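Residue numbers (the working numbering), protein chains in the order written: chain C, 21 to 339; chain E, 873 to 1386; chain Z, 17 to 286.
No lab work stands behind these hints, which were simulated from the structure alone.
Do not take every clue at face value.
[As the list claims (entries may be wrong)] Now the in silico label distances, taken between C-beta atoms and shown as ranges:
{"#": "1", "chain 1": "Z", "residue 1": "Leu45", "chain 2": "C", "residue 2": "Gly30", "range": "57 to 63 Å"}
{"#": "2", "chain 1": "E", "residue 1": "Gln1092", "chain 2": "Z", "residue 2": "Leu144", "range": "50 to 56 Å"}
{"#": "3", "chain 1": "C", "residue 1": "Arg239", "chain 2": "Z", "residue 2": "Met122", "range": "34 to 40 Å"}
{"#": "4", "chain 1": "C", "residue 1": "Leu35", "chain 2": "E", "residue 2": "Ala1269", "range": "37 to 43 Å"}
{"#": "5", "chain 1": "E", "residue 1": "Glu1088", "chain 2": "C", "residue 2": "Leu37", "range": "22 to 28 Å"}
{"#": "6", "chain 1": "Z", "residue 1": "Leu45", "chain 2": "C", "residue 2": "Asp150", "range": "31 to 37 Å"}
{"#": "7", "chain 1": "E", "residue 1": "Ala1269", "chain 2": "C", "residue 2": "Ala77", "range": "25 to 31 Å"}
{"#": "8", "chain 1": "C", "residue 1": "Gly30", "chain 2": "E", "residue 2": "Asp1001", "range": "58 to 64 Å"}
{"#": "9", "chain 1": "E", "residue 1": "Glu1088", "chain 2": "Z", "residue 2": "Leu144", "range": "40 to 46 Å"}
{"#": "10", "chain 1": "E", "residue 1": "Ala1209", "chain 2": "Z", "residue 2": "Ala30", "range": "55 to 61 Å"}
{"#": "11", "chain 1": "C", "residue 1": "Gly30", "chain 2": "Z", "residue 2": "Arg114", "range": "46 to 52 Å"}
[What the hints assert, rightly or not] Taking lysine to aspartate or glutamate and the EDC-like style, the derived pairs with C-alpha atoms no more than 20 Å apart in a straight line are:
{"#": "12", "chain 1": "E", "residue 1": "Lys1139", "chain 2": "Z", "residue 2": "Asp250"}
{"#": "13", "chain 1": "E", "residue 1": "Lys1266", "chain 2": "Z", "residue 2": "Asp51"}
{"#": "14", "chain 1": "E", "residue 1": "Lys1183", "chain 2": "Z", "residue 2": "Glu177"}
A quick note: this is a predicted structure, and the numbers were derived from the prediction, not measured.
Even for Gly, the Cβ is constructed at its ideal location relative to N, Cα and C.
As a plain string of letters, each chain reads:
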Amino acid sequence: MSRPLARLVGARLLLSLLSLFAVSVIVFAVMEALPGDTAQRILGRDATAQSLAVLRAQLHLERPAVERYGEWLGGVLHGDFGTSLVARRPVLPYIAAHLGNSLLLAGIALVLHIPLAVGLGLLGAATRRDGPIDTAISAAALLGMSLPEFVVGIVLISILATTLGWFPPLALLDEAHSVGAVISTLFLPVLTLNFAMTAYVLRQTRNAMFDVLRSDYVRMATLRGLPRGHVLLHHALPNALAPAINAIALNAGWLVGGVVVVEVVFNYPGLGRLLVESISFHDVPMIQASALVLSASYITINLAADMATVLLTPKLRVN
Amino acid sequence: MSMDKPQTGAISRRLLLAGTAVLAATPRVFAAAATKTLRLATGEADGVKGTLDPAFGNNDNDAARASLVFERLVVPDPGFAPQPQLALTWTPDATGQIWTFALRPGVAFQDGTPFTASDVVYTYRRLVDPKLGSPAAAILSQVDPDGIRAVDDHTVEFKLRSPSVEFPLLIANRFTYVVKAGQTSEQLRTAGIGTGPFKVDHFVPGEEPSVYARNEHYWQPGKPKVDRVELRGIAEDSSRVAALLANQVDIVLELPVRSLQRLEGNKDVTIQSARTNAWFGLAAFSDVPPFDDVRVRQALKLVVNRDQYLKAVVGGHGTVANDTPVAPWQNYGLPDAPKPPDIAGAKKLLADAGHPNGIDIELYTSAADSGLLEVAALFQAQAAPAGIRVTINKAPAADYWSNIWLKKPFVVTSWNARAADEALALPFLSTGEWNETHWRNKEFDGLIFEARRTLDDAKRSALYQQAQHLLQQDGGAIILLYADTVGASRANVRGYRIHPQKINHDFSDVSIDD
Amino acid sequence: MARRLSRAAQVGAAIVVIYAVVSVAAPWLAPHLPDAVFVGGAFEPPSHDFWLGTDNLGRDVLSRVLYGGRAVLLMAGSATAISVAIGGTLGMLLGLRRGLLDQVLMRLLDVVMSVPPIIFALLLIGALGPSAPLIVVVVGLLYTPNVTRVMRAATLAVAVEDFILAARARGESGAAIVLRELLPNVAGALVIEFSVRTGFAAIFISGLGFLGFGAPPPTPDWGIMINEGRSTMDASIWPVAAPAACLALMVTSLNLFTDGVARAIDRAAR
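The following block holds chain C by itself, in its conformation from the complex:
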C-alpha cells in the first residue's frame, strides 16, 4: 500500500475507534436516563411488593452509574459483555448468535443486489433514454426507493406467503435443514431489503451511464464503428462505476438500520430484533451490547466501503 493510502487508512481507523468509544458513552448515558424499572418489566403483572424487592436486590440495581460504566467498559475490553438482567445468562452468546443471523441476511442481500442493480441500470441505459424500457425500469426504481421497508415486507408476506403459499410466512431459521430450506426461509426478507437497495444503485448506475455515454470518449468509440454492446461494457461502464460503487457502499451502511425493521416484520432472530426486544424489557446490559455491536458493524462496514470505493476508483486514489 502506498504511503498516502496507508496514512488515509490509519487516520480512518483511529477515527473509527474514537467513534466506537463515543458510541459506548452515548449508549450508556442514554440508558441511565431510561425511566421504568427492570424488575417490574420482568415480573409483569404478577409482581408483588416482596418479589420486586427480592429481584431488585439480586440485580444490583443500586450502584452508581459511573461505577457501573467503568466496570462494563472494562469487561467489554476483555470480551465480557456482562449478564442479561432478564435471561440471567451471559450476553455474549446471544449477541454472537443474533449477529451471525443478521450478517447472513444482510450479506446475502448485499451480494445479490449488486449484479441485479448494475445489470438493470445497464439495461436501462442501453435502450433509448426515456423510452419504454427505460421508463419502466426508472419507475420501478423510483417506487422501490419510495416504499418503506416494512410496507414492502408486509405486502410480500401477504401476497407470496399468506395468499399464494409459495414461501413460509415466518423466518424459522432453525427449521431449515437444507440449503434449499434456508433459501426458502430467507427469500422474502432478502427480497424486501433488496427493493430499496437495488433501486438506489440502479438509479446511480443509470444516471452515470447516461452521463458517460454523452462524453467525448464514448462518442469517439462509437464513431470508430465499435459495436454498441462493446462500447457499453468496455468503455462506458468502467467509468460509470464510481457513483455505483459509492451507492453500494452507502447501501452497506444503510443495511445496519434497514435490517432492524425487516427483522421485526419477519420475526427473524437477528440483532436488530434483539435490540428492540431488550428495549421493551429494559434489559440494560443487552441493550448496551446490541447497540454497541450494531454501531461497531456500522462503523466497520462504512470503513470497508470507503476503502473499497477509494481502491476501486482510480481517480480518487490518485488524489
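Model the placement of chains E and Z on the given structure of chain C, informed by the hints.
Just chains E and Z now, with coordinates in the frame of chain C:
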C-alpha cells in the same frame, strides 16, 4: 407433522452436498424410524424472559413449558372441580384447617428417582418462602409455612392459618407444579426435573424453539404419544395463523377471533373453543374521587351496553357478564342476567352524588393485550350521553401491566379464567395483592372467609352469592364480558382438548396421525 | 432558477402540493374526527358512508388517513427544516471558512454519523418516551450532518468562483456574501436536499411508528396505523392499505420532484 433428520448421517450429508432446492413444505420420507414431533405455538413472545421454573412462570410460554415437564397434586377440570394427578385423595380434618393428601405411588421423576412426599414439601416450602420472592406466596398466604410436612413417603399434610374448604382447588394453580427436591432456582430456570410426560431437551431463554423429549419413566402407560415437542411463541397473530395453515406448527394454543373466518371451513384445521370466565372490564379506585362515591360507581355500571363489547372485543365468542367475575355456569355463579343500559338512571345517580353536569375522567388503556383498546373506545362512546366525559390515555404496551395497572385510578383490565374463590379473592379482598379497585369492604371479606370454612355446600353457595351481590352493588369494577378460549390444531392431531384456563394443558394424550 | 421541469416532475410537485393543502384542510375535509370510535361497525368495507371503510374500533379510515397525513407531513417537514436550517448554515459557513474549525467540525460530524441513525433514535426515544416534538428533534439532528456535508461540498464548488473572490475583495461581510452571492448558487442543492430529506424523514418516522416508537395518540400517524392494522389484515386490508398507499405516493411524488429539479439544474449548468 414434521419429520426429524434421518438417523443415517450419510443420507443427510448427501442431501446437503447435492444442494437441491427442497422447499421446507415438502415432507421427506426416510427408511429409518422417524420421530414424531409435536410443534406448539403460543400467542406470546417471551424472548429472553422465558423460564421453566414454575415459581416464576408468568406468561403463556412459561405455562406451556411447565405443563410439559411438571405435574401438580391436583388439577382443575373444565368445570374447575379438583381432579387427582400426583395426589390420589385428599381429606380435611373436622375444622377444615388441616388437609392430608395421599400421594400416587409408583411415580418416578424424569431421572428415574422416585417421587415422594419430600419433593412436595420442598416444592411448597419454596413457593411460600419470602426470600425466594415468588408471586405464589401471595396466593398461598393461607398456608402456614411451618405447617407443610411429610407424614410418610406418600402422605403430605398442610396446616392452614384458617379453615379453607376448597383448599385443593386453591393449589391447582400455575405455580404449584412439583419439582424434584434439592434443585436450585438456577437449575429450575432451564433444566428442571419433574414427573411430567416430557423432559427438557434444550431450553435457552431467548432461543426458539425450546425442545422437549419423551419421558421414558412416565407413570401413565402408553403415554406420551409423541416423541418430541417443540415450543415457540409467535406474537404476530397473522403470522401464527399463517404458520398453522402452512403446516409449520401443529397446535396453536391461542387464536385471535379475527382469524376464525379464515380457518372455518378449512379441512386441514380443527378449531376448538371453550366457555370460560376470563373477563374484560374496567377497574376504578374506590378510594379516589369521583369514584369514592358509590353512586358514581353505580352510574358507570348503568351506562354500559354489554352486548356491544361482546361483538367488538371477542367477535361474539363469549358471554356478557354482570359485574361479577364468577360466570353463571360456574360453581356459585349467579343466574340473573345483566340489566340493559339506563342513561337517565345514571344521570340521576351522578346528580345525587353532586355532579349535576356530569364528570370528567381519564381512562388508561393500551395495546398490551388484544381487546383492551376496544373496551376503552366503546366505554368512551357509551358513557358520553350520560355526561361522563372520558379521555382515553393509551399507554405503551410494555409498560401497561407494570406501571399503569394497579397504579392509575381508572384502567381497562382483564383476568384469566379462575375458580370462583380465586376469581373473587385475588382482585377484591381488601388484603388482595392485586386489589385493582382499592375496595376495602369488611362485609365482603367476612363473607369470603366464612364461605371458605363452611362445610355445608348450600350454605357456602349462599355466602359466595351474597358476596357477589355486594360486589355488584358496591364494588369499583365493571365486569363486562367473559371471553371464550379459542385454539386450533391441524386436523391430524388427536387428543388435544382445550381447557377454559388457557394456561392449563395436558399434552400427554396428544398424538399425530400420519 | 430553471423552470423547465419535466412532466413527471411537475406531476410530482403537484401531488406534493395537493398533499400539503389537503393536510392543512383535513379538519374541514374529513367526514369524522379521527378518534371518533364506532361511528360505524368494526372492519366495514368501503361504502358510501365510509369511503375507505372502518378499522377495528369502528373509526373512519379516510378521516384517519387525512389527519395522519398532517402528522407525517408536519413531523417530516419540521425535522427536515431543522436539519436544513442548521446543516445548511453550518455547511455554507464551513465551505466558506475552511481552516482548522472546518477540519475539527468535520471530524466531529464523522463521529456523530458513526452511530447508526435508527439505533440512536430507538435509544433516545426509548429512554425519554415517545413524543412528537422529541421525534422531530431527533430526526432533524440525525440528518443535520448529512445536510452539512452536502451543503459544504456545494459551497466549496462555488466558493472558488470568481464572483465570490471578487465580493471578498470588495470587503463585503460574510453574511452578505452568503445571502447575495452564495445562496442563489447553492439554492438548487438546498432544494434537492430538502425534498429528498423530507421523503427519507417520512419513511424513517413512519418506520419508528411501526416499531412502536411513534408519537402517542391522538396523532394518528401512518406508520402507527400500519402497525396497528397489520395484525388484523385478515378482517380488512383497508386500515393498512390506505395509509401505506398514501405514504408511498407521497414519497414517490417527492422523489419525482427531486429528480426533475436535479435534471433541470444539470441541464442549466451545461
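Hint numbers the structure violates, sorted upward?
5, 9, 11, 14
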